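Student: The residues making up each chain are set out below.
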Amino acid sequence: MTTQPVHFYQIGSFAVGNRLLSDDERTVQSNLDRTNSIDSGHRACQGCGEALGARYALDAAMRATNGQIVAVNATGCLEVFSTPYPETSWRIPWLHSLFGNAPAVATGVAAALRVKGNRDVRVVAQAGDGGTVDIGFGCLSGMFERNDDVLFICYDNEGYMNTGVQRSAATPPAARTATTEVVGPEPGNIFGQGKDLPRIAMAHDIPYVATATVADLHDLERKVERAMELHGARYLHVLVPCPLGWGSASNETIHIARLAKESGLFPVFEAENGKVTSVSKIRRQVPVEDYLSIQRRFAHLFGKNPRPDVVAHIQEMADQNIARYGLVDEDADSKEMAE
Amino acid sequence: MLRQIEGSRAVAETVALCRPEVVCAYPISPQTHIIEAVGAMVKAGDLTPCEFINVESEFAAMSVAIGASATGARAYTATASQGLLFMMEAVYNAAGLGLPIVMTLANRAIGAPINIWNDHSDAMAVRDSGWIQLFAETNQEAADLHVQAFRLAEELSVPVMVCMDGFILTHAVEGVDILDQSFVDSFLPPYEPRQVLDTSDPVSIGAMVGPEAFEEVRYLAHLRQLDALERIPLIAKEFAEATGRESGGLVRSYRTDDADIIIVALGSVLGTIKDAVDIRREAGERVGVVGITSFRPFPGRAVHEALSHARQVVIVEKAFSLGSGGVLSTDVAMAMQGTPLTLRTVIAGLGGRSITRRSLEKLIEAAGRDELEGLTFLDLDNGAVERERARMSATRRSGPSAENLLRDRGTVSSVKAKEEV
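Chains as they are written, first to last, in the working numbering: chain C, 1 to 339; chain Y, 1 to 421.
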């Protein structure tokens, strides 16, 4: 008699197969009643992490609010690839104004809904990392400080990809971009610069701050749902690999996002009212090389003239995150076994 | 009811009568008293329902107004000068999206050098933005124009800027008849948006438009401005019939019937010009005034009709385009194409310099003798300018000109300190 072993987890990954979960644990996307807030047919690149993240985040927000979402969008890839008008991918009310003002526009939408006594409709604002950490930062901080009833989602692909891969304040050290070229004694982006927006958001003591990656879409959906249970300013920072800008294979998007988390370079956590309330532990820690070496933006750290010193410096950053958020449990393996 | 009241207060109370639903506020002189007063009314519960939002910049103020207006709320804000420039991108965006936001612009100079006093440089900087720009001559008109502005904006889905001279009007206390709530409610119906973010009927607003349709979108916006040329006089007429007051409209003429020389201007300086005209009339000069209320859209035909019988037109402007000349003058020249009229531009009142009746009288006298050059700067201290030019040619590191001119005038203490050294 032939037997086939049943794997709870899909082979080679930590993704939980929907088929093995109960109905209420399955992703919104597995349900035919999903809203398709951002519909197919848009012009995103193959393997685009942002399109994936936006689709999951918005459909989860739609489910959480019974379809009562208004979206505000900053200028950027998501805005451009979704609305080659007269075609539009948006099946929800959607407003694009400018690059740097999405948080303030969302404040205006929320204020209008409030003044009209409309308590059911909720506001989601979205931007890339440029629209969040750089040009939209002033408006975002203002929206946080006033605690306006807006969920702001940053799809972080670590650079200005829409304009051709330039550096933003979310670009990691050593990464090659068109404005941090691989030339000179310290090729790529500079160490010691950049903004950690989730921590800055937490410093505003807003009701909810969370990070997520497109490697764990259940987690992303859960965080959106949690955010929609709360009122006031909420911030969700989603790491979305960009095959174009990162120089990665388009079928590696999920894998790279997972390595970002598993290396400790991108800590995944939740915070309420300025305090961390949960962290997603690293399941199987990997050295940062595993994450860096499959992206062409870091190719100059390997190859003919390798820079182990730079890689070590990046490893220090990962170790710092691991220590700061307690990402590694000494007895992680035994716990997992017990589950 | 006629009350002795500050211009800003009159505007704030009138704006409140218009039942704005979202008001965003960022302080900048000389507009601040307006939003302070509206904010107090909202906080006290006298203006309700209304969301008053203290934002972190003018860029955010206009952006909040954009979001609110696109969600179907009547949105209002006020700004001036640097504030207008800081929100410039959103100012264009509001017009491009066709959102009927109303904004008070307390006209103020633009730096550098930083200067808080009145001129029209700020309004001129956004003349091509797609906003309707109405200029108030008096505080009464400033107040009245806001009611007409909301009506006009919402009828046409075009944002409207009510321009009132900073300090000269905003901080002047004079008699203003504040309208009744019942009249404003009858004159200004509730806002019915042409486009709105509605979960039961989702639309995408603000999509990218390429070369295939961009020109048509812009042309449609231009047509709406031309529609405004039709609507502005009708709304002013309806307003006048109900209130008995001449507020708004496209242009207003004063003693121009037999005028040889007509002076054209915007805003509060028209009062002083009329005084000067009265005096020169007594001396036998046939001189009149045309005030332009609607600067954008520019009422070319009305201006043509108002000026075509004159021999000489003198445009007094509180702003100019450096390296070129008058801004309003260019529009007037376009309107008067093909006529033998002599056009003269006079730049006056920059950065709050007083435009005195005496200077204007001399100006009219000079115009009567055909002595005005194409471009004149009223009361310019040529000596001070020449001395600074000399310093600049004598020394490479001549220092900042603005500070040098102040020192030249003896208005900074460093003069004494330097002399002592």
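Just so you know, these hints were derived from the structure itself, not from any lab. In this text the structure is predicted, and so the values were computed from the model without any measurement. Keep in mind that a hint or two might mislead.
[To be verified] A short, non-exhaustive set of chain C residues, derived as facing chain Y with CB atoms under 7 Å:
#1 W94
#2 T107
#3 R114
[Stated by the list, open to error] Mimicking EDC-like on lysine to aspartate or glutamate, the simulated pairs with C-alpha atoms at most 16 Å apart in a straight line are:
#4 C:K116 - Y:E192
#5 C:K281 - C:D309
#6 C:K116 - Y:D198
Backbone N, C-alpha and C fix where the C-beta goes; we use that ideal spot for every residue, glycine too.
Student: Out of the numbered hints, which ones does the structure contradict?
Tutor: 5
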